[in-house]
Amino acid sequence: DAGVIQSPRHEVTEMGQEVTLRCKPISGHDYLFWYRQTMMRGLELLIYFNNNVPIDDSGMPEDRFSAKMPNASFSTLKIQPSEPRDSAVYFCASSRTSGRTDTQYFGPGTRLTVL
Amino acid sequence: DQQVKQNSPSLSVQEGRISILNCDYTNSMFDYFLWYKKYPAEGPTFLISISSIKDKNEDGRFTVFLNKSAKHLSLHIVPSQPGDSAVYFCAAIHTGGGNKLTFGTGTQLKVEL
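Quick note, the sequences are listed as chains A and B, same order. If you read the first sequence in the numbering used here, its first letter stands for residue 1, the second for the next number, and so on. If you read the second sequence in the numbering used here, its first letter stands for residue 1, the second for the next number, and so on.
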């Protein structure tokens, strides 16, 4: 299995530009999570989907952030317009349905730098 | 408001000795706890977990202890190896509140030769 795939691995953009991060979850997993990692706050959950439906987006920082999951094998996280404080590593993770013991499998992350 | 706290940003231990990483939580609804390990330029990977009905779970060199009354858990690595050098994240979940992990800020462990 290829694991969770994220692209791009690195993104450098200028303030005000639109940024789109992409994720392909592990086949057969029906939960998908987007996290942001910063030094100050660690790993923060932004949003998660179950069967392509957004379940909890309470971690999305502002309206500038949006996420979609058009099908079971693809999700995007978009920031428009981007700001320097959005600079962080963004992780996508997936897991199977069922109980609490299910492990979340993380992708390698996208390092975003907004100048 | 950090509901899961790892107050030590870094820890240095000699090879062969014990590494103890600590984690505190504030939400009494959390009933399942996990440790993840992260190497540079990689995503976190699951290491070990414990249910709130237990106070200890062991897997090889890794043992997690849970003290519910103190809302504290710790990860023990014995013996520590250079390959254990990584960032360790503590995470907690309220299983009745959806499949949502709350992570701490992480502890950078360095195992020295």
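Treat the hints as calculated values from the structure; they're not laboratory data. Hints are not guaranteed to be accurate.
[What the hints assert, rightly or not] Over the 10 angstroms line for every Cβ pair with chain B, so calculated as not near, a few chain A residues:
no.: 1; residue: P8
no.: 2; residue: V12
no.: 3; residue: M39
no.: 4; residue: R41
no.: 5; residue: D56
no.: 6; residue: P70
no.: 7; residue: E83
no.: 8; residue: F91
no.: 9; residue: S95
no.: 10; residue: T103
no.: 11; residue: Q104
[Unchecked claim] Cut-off 20 angstroms, straight-line C-alpha distance, at most; resulting in silico cross-link-like pairs (EDC-like, lysine to aspartate or glutamate):
no.: 12; chain 1: B; residue 1: K100; chain 2: A; residue 2: E11
no.: 13; chain 1: B; residue 1: K37; chain 2: A; residue 2: D57
no.: 14; chain 1: B; residue 1: K56; chain 2: B; residue 2: E15
no.: 15; chain 1: B; residue 1: K5; chain 2: A; residue 2: E44
no.: 16; chain 1: B; residue 1: K54; chain 2: B; residue 2: E15
no.: 17; chain 1: A; residue 1: K24; chain 2: B; residue 2: D31
no.: 18; chain 1: B; residue 1: K71; chain 2: B; residue 2: D84
no.: 19; chain 1: B; residue 1: K100; chain 2: A; residue 2: E14
no.: 20; chain 1: B; residue 1: K37; chain 2: B; residue 2: D1
no.: 21; chain 1: B; residue 1: K68; chain 2: B; residue 2: D24
no.: 22; chain 1: B; residue 1: K71; chain 2: B; residue 2: E42
no.: 23; chain 1: B; residue 1: K68; chain 2: B; residue 2: E15
no.: 24; chain 1: B; residue 1: K100; chain 2: A; residue 2: D30
no.: 25; chain 1: B; residue 1: K100; chain 2: A; residue 2: D56
no.: 26; chain 1: B; residue 1: K68; chain 2: B; residue 2: E58
Every value quoted in this text rests on a predicted model; they were computed, and no experiment measured them. Note that the Cβ used here is the ideal one computed from N, Cα and C, for glycine as well.
Cross-check of the supplied hints:
{"no.": "1", "hint": "P8", "in the structure": "13 angstroms, holds"}
{"no.": "2", "hint": "V12", "in the structure": "16 angstroms, holds"}
{"no.": "3", "hint": "M39", "in the structure": "8 angstroms, violated"}
{"no.": "4", "hint": "R41", "in the structure": "7 angstroms, violated"}
{"no.": "5", "hint": "D56", "in the structure": "6 angstroms, violated"}
{"no.": "6", "hint": "P70", "in the structure": "21 angstroms, holds"}
{"no.": "7", "hint": "E83", "in the structure": "22 angstroms, holds"}
{"no.": "8", "hint": "F91", "in the structure": "5 angstroms, violated"}
{"no.": "9", "hint": "S95", "in the structure": "7 angstroms, violated"}
{"no.": "10", "hint": "T103", "in the structure": "4 angstroms, violated"}
{"no.": "11", "hint": "Q104", "in the structure": "7 angstroms, violated"}
{"no.": "12", "hint": "K100(B) with E11(A)", "in the structure": "27 angstroms, violated"}
{"no.": "13", "hint": "K37(B) with D57(A)", "in the structure": "25 angstroms, violated"}
{"no.": "14", "hint": "K56(B) with E15(B)", "in the structure": "24 angstroms, violated"}
{"no.": "15", "hint": "K5(B) with E44(A)", "in the structure": "13 angstroms, holds"}
{"no.": "16", "hint": "K54(B) with E15(B)", "in the structure": "29 angstroms, violated"}
{"no.": "17", "hint": "K24(A) with D31(B)", "in the structure": "30 angstroms, violated"}
{"no.": "18", "hint": "K71(B) with D84(B)", "in the structure": "26 angstroms, violated"}
{"no.": "19", "hint": "K100(B) with E14(A)", "in the structure": "32 angstroms, violated"}
{"no.": "20", "hint": "K37(B) with D1(B)", "in the structure": "23 angstroms, violated"}
{"no.": "21", "hint": "K68(B) with D24(B)", "in the structure": "10 angstroms, holds"}
{"no.": "22", "hint": "K71(B) with E42(B)", "in the structure": "30 angstroms, violated"}
{"no.": "23", "hint": "K68(B) with E15(B)", "in the structure": "31 angstroms, violated"}
{"no.": "24", "hint": "K100(B) with D30(A)", "in the structure": "14 angstroms, holds"}
{"no.": "25", "hint": "K100(B) with D56(A)", "in the structure": "9 angstroms, holds"}
{"no.": "26", "hint": "K68(B) with E58(B)", "in the structure": "17 angstroms, holds"}
Of the hints listed earlier, those the structure fails to meet are numbers 3, 4, 5, 8, 9, 10, 11, 12, 13, 14, 16, 17, 18, 19, 20, 22 and 23, in rising order.
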